[in-house]
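Chains as they are written, first to last, in the working numbering: chain A, 1 to 193; chain B, 1 to 193; chain C, 1 to 193.
Be a bit skeptical, because a hint or two may be false.
[To be verified] Stretches of chain C that chain B covers, calculated by requiring three or more beta carbons in the stretch to come under 8 Å of a beta carbon on chain B: (1) 103–112; (2) 119–132; (3) 151–160; (4) 172–186.
[Unchecked claim] To give a feel for the contact side, a few chain A residues facing chain B, derived at Cβ under 8 Å: (5) G141; (6) A174; (7) G177.
Just so you know, the hints here were simulated from the structure itself, not pulled from any lab data. Values in this document were obtained by computation on a predicted structure and should not be read as measured data. Cβ atoms here follow ideal geometry from the backbone N, Cα and C, with glycine treated the same way.
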Amino acid sequence: MEPNKGLVSALFLFFLLHATMASPTPKPHIKPRPPPHHPCRHLTFYFHDIILQRQEFQKCHCSHCGFSPWGNRTILAGQSHFGNLVVFDDPITLDNNLHSAPVGRAQGFYIYDRKDIFTAWLGFSFVFNSTQHRGSINFAGADPLMNKTRDISIIGGTGDFFMTRGVATLETDAFEGEVYFRLRVDIKLYECW
Amino acid sequence: MEPNKGLVSALFLFFLLHATMASPTPKPHIKPRPPPHHPCRHLTFYFHDIILQRQEFQKCHCSHCGFSPWGNRTILAGQSHFGNLVVFDDPITLDNNLHSAPVGRAQGFYIYDRKDIFTAWLGFSFVFNSTQHRGSINFAGADPLMNKTRDISIIGGTGDFFMTRGVATLETDAFEGEVYFRLRVDIKLYECW
Amino acid sequence: MEPNKGLVSALFLFFLLHATMASPTPKPHIKPRPPPHHPCRHLTFYFHDIILQRQEFQKCHCSHCGFSPWGNRTILAGQSHFGNLVVFDDPITLDNNLHSAPVGRAQGFYIYDRKDIFTAWLGFSFVFNSTQHRGSINFAGADPLMNKTRDISIIGGTGDFFMTRGVATLETDAFEGEVYFRLRVDIKLYECW
Chain A
1 MEPNKGLVSA
11 LFLFFLLHAT
21 MASPTPKPHI
31 KPRPPPHHPC
41 RHLTFYFHDI
51 ILQRQEFQKC
61 HCSHCGFSPW
71 GNRTILAGQS
81 HFGNLVVFDD
91 PITLDNNLHS
101 APVGRAQGFY
111 IYDRKDIFTA
121 WLGFSFVFNS
131 TQHRGSINFA
141 GADPLMNKTR
151 DISIIGGTGD
161 FFMTRGVATL
171 ETDAFEGEVY
181 FRLRVDIKLY
191 ECW
Chain B
1 MEPNKGLVSA
11 LFLFFLLHAT
21 MASPTPKPHI
31 KPRPPPHHPC
41 RHLTFYFHDI
51 ILQRQEFQKC
61 HCSHCGFSPW
71 GNRTILAGQS
81 HFGNLVVFDD
91 PITLDNNLHS
101 APVGRAQGFY
111 IYDRKDIFTA
121 WLGFSFVFNS
131 TQHRGSINFA
141 GADPLMNKTR
151 DISIIGGTGD
161 FFMTRGVATL
171 ETDAFEGEVY
181 FRLRVDIKLY
191 ECW
Chain C
1 MEPNKGLVSA
11 LFLFFLLHAT
21 MASPTPKPHI
31 KPRPPPHHPC
41 RHLTFYFHDI
51 ILQRQEFQKC
61 HCSHCGFSPW
71 GNRTILAGQS
81 HFGNLVVFDD
91 PITLDNNLHS
101 APVGRAQGFY
111 IYDRKDIFTA
121 WLGFSFVFNS
131 TQHRGSINFA
141 GADPLMNKTR
151 DISIIGGTGD
161 FFMTRGVATL
171 ETDAFEGEVY
181 FRLRVDIKLY
191 ECW
């Protein structure tokens with residue numbers, strides 16, 4: 001009887017595995033990992049947004065709300081800048097010092113999208129072209145600026161960050177009035193190729 | 001011979017599994033599930049877009065097309081609002097009643113992108129902060145408004161919707177002139193973490 | 001002893017498989033395929049951007065920068081069009097001939113986001129409704145226009161391109177002054193459902 005036991009074990013194992021591995025009916029794509037998830041790559045950058053004198057138009061704060069575009073932007077948009085589109089092209093560094101050598105640039109836009117408080121919708125990329133990193137990471141999501149930390153989605157990447165996905169936690173690290181603010185961007189990638 | 005049969009079965013099984021599990025050559029990442037796909041999570045929300053009196057600038061319909069920004073928007077953009085950027089921050093509810101308790105807010109923008117018919121490009125988030133859901137779902141895609149239902153992409157999420165992806169089907173459920181419209185948003189998530 | 005060998009092999013195999021298949025601790029989601037990656041689908045399209053006479057407002061080059069929206073756009077935005085938002089709805093063809101039958105339309109926007117050189121942030125969709133393809137492919141990313149080829153992310157899709165992800169390589173194929181340019185869009189999909 002002993003030999004049969006071995007065969008039975010192997011067959012039992014085979015069917016058990018077959019049942020779990022090659023189910024012929026379509027199943028929801030539920031990833032099996034239990035939370036908390038561990039990133040496959042973790043990077044931190046600082047993003048320096050410098051708003052130069054607006055009348056010099058070095059930094060473009062677009063203002064185009066309402067039906068009277070010749071009106072005063074401040075009045076139209078109110079205290080929360082609602083509806084303002086801001087285009088940026090800012091240096092990113094590895095530490096919180098604006099004067100450190102930039103490792104890339106943050107390029108994209110945000111739109112202030114609430115009337116009562118500061119909040120924005122962001123679409124932007126980190127574009128790297130240094131010895132450390134080449135390629136880009138693309139971001140999108142809502143940014144409730146009043147929260148200490150805010151999570152947005154990492155929706156794709158190219159080059160060294162080919163096909164990546166993840167979550168970025170933004171934290172306003174410092175600001176000086178409305179002319180400078182620094183964001184700490186904690187990048188946690190959960191899909192690495 | 002019997003004992004060998006058990007061993008042979010186990011070895012055969014081992015090689016069979018090895019062959020399917022650890023293929024050494026790179027292969028295209030074709031997901032093996034046959035269509036139709038079943039969502040791992042299915043949610044429906046109603047999104048209420050209320051366009052208040054424009055001269056009050058409560059709702060910002062940005063108007064900034066052409067080289068004469070002081071001209072009349074309606075003339076510049078024509079009948080289809082081509083080129084208009086609309087920023088929104090709207091309540092979302094579980095049923096189609098505007099007065100139901102909102103479970104979150106839809107924040108983002110759309111740009112009317114065709115001259116001849118109504119169509120738009122959308123980038124927005126559902127931001128949840130209720131007992132039912134916390135976190136955000138991020139959306140992007142073209143919205144051919146004249147079609148009864150339109151599919152856009154769910155490109156990521158945070159919190160309860162960590163790393164999710166899927167497809168959202170939009171349907172204009174009701175509208176009153178140009179001052180109110182209600183979208184039914186059918187969310188089908190196919191990647192759940 | 002022979003029978004036990006079969007049993008031992010099966011048990012050993014069971015534990016080995018158990019260890020590799022059902023690891024109880026969360027692990028980073030590192031996809032096992034070595035580079036270079038092979039796309040599961042590869043498509044090439046040509047995208048024809050025709051900028052009609054601007055004073056006719058057939059093509060909307062939005063201009064809304066700075067605090068003086070009644071000023072001259074060219075002065076405000078400078079030589080690089082910094083801060084300009086361009087909305088487009090352009091035909092896409094299978095070859096580089098503008099007069100070929102379009103297989104779909106490219107709809108979305110770009111924002112010029114640098115002051116010193118031409119660069120843009122793109123959000124757009126290819127919308128197909130032909131015998132060959134139905135559905136949409138959604139794109140986002142930075143487009144450093146001065147580079148011969150630029151990679152952006154494919155962040156999702158619907159219909160025939162359900163849930164797809166990948167990378168698109170853009171190449172300016174031809175241009176005539178500022179009134180026409182043609183982009184070659186090489187689409188490499190790495191997630192196919």
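**Asked** Out of the numbered hints, which ones does the structure contradict?
**Response** 4, 6, 7
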